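Participant: Quick note, the sequence shown lines up with residues 44 to 220 if you use the working numbering.
Quick caveat, the hints were computed from the structure, so don't treat them as lab data.
Every value quoted in this text rests on a predicted model; they were computed, and no experiment measured them.
Cβ coordinates follow ideal geometry from the N, Cα and C atoms, glycine included.
One thing to keep in mind: the hints can contain errors.
[Claimed, not checked] Ranges between beta-carbon positions, derived for each pair: (1) P202 x D156: 22 to 32 Å; (2) V205 x Y144: 18 to 28 Å; (3) P174 x A122: 42 to 52 Å; (4) L90 x N113: 17 to 27 Å; (5) A91 x N111: 34 to 44 Å; (6) A142 x G193: 15 to 25 Å; (7) D156 x L209: 24 to 34 Å.
[As the list claims (entries may be wrong)] With a straight-line Cα cutoff of 25 Å, these simulated SDA-like cross-link-like pairs (lysine to any residue) come out: (8) K179 x N131; (9) K71 x Q93; (10) K179 x V213; (11) K179 x A114; (12) K89 x E167; (13) K71 x S123; (14) K89 x H215; (15) K179 x A69.
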Amino acid sequence: MVLSGFTTLSAQDRPTGAVLDVGIRAQKSIGLYTENGITAQFAHSKLANQRLYVGLTYVTSRLGTALNSNAIKQDNYLASATYLFRPNWLVQPLIRLNAGYFRADYGSELFRDLPQTSLLASPELGLCVCPRFPLKLNASVGYNLLTGDGVTGPGTLYPVFVQTSLTWNVFHRSSAR
């Protein structure tokens, strides 16, 4: 069935019970670094009818821009809550709220007086491509509410970022049809 340009999924095509999506996340701060890492999200049919996900993410420039370069090594540790709209659509709008911790490793004692850590708070708006099989693609744009200028916070914590995540539902069981 097609509705407003988006294919809809029947209730039987959606997973039932618990969902644990585990995968990779690529993140790009607009004007600065590319970061990569891992992400995991959990949902259950009893949590807002499987529309609310809670998750943990670790992204780092160590696996992105800073890999084999002299770029600043930075780490982001995030806890998140994601809400999916239009659960029967193949492409579902989403909103995500992240909270966490940021750390920059400047790599030299010369910069030891500069701020290296910050709390993180960021909302994201995006889309999830959620097909019948257990693979999902998320893409969103986010805004770091807490940033820095190098004096009052880390100078490499930029406000706007985009992210893409590719995850697999590890609780998925193949059904013989």
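Participant: Would you mind marking each hint as holding or not holding in the structure?
Facilitator: A quick look at each hint next to the structure:
1. P202 x D156: 22 to 32 Å: 24 Å, holds
2. V205 x Y144: 18 to 28 Å: At 21 Å between Cβs, range holds.
3. P174 x A122: 42 to 52 Å: Given range 42 to 52 Å: violated, Cβ gap about 27 Å.
4. L90 x N113: 17 to 27 Å: 44 Å, violated
5. A91 x N111: 34 to 44 Å: 43 Å, holds
6. A142 x G193: 15 to 25 Å: 23 Å, holds
7. D156 x L209: 24 to 34 Å: For L209 against D156, whose Cβ atoms are near 39 Å apart, the range 24 to 34 Å is violated.
8. K179 x N131: Status holds; Cα separation ~14 Å.
9. K71 x Q93: Between K71 and Q93 the Cα gap is close to 28 Å, so the pair fails against 25 Å, i.e. violated.
10. K179 x V213: Holds: K179 and V213 sit about 12 Å apart, inside 25 Å.
11. K179 x A114: 31 Å, violated
12. K89 x E167: This hinted pair holds, its Cα atoms lying about 24 Å apart.
13. K71 x S123: 18 Å, holds
14. K89 x H215: 17 Å, holds
15. K179 x A69: Holds. K179 to A69 sits at ~14 Å (cutoff 25 Å).
This entry does not satisfy hints 3, 4, 7, 9 and 11, going by the numbered hints stated previously.
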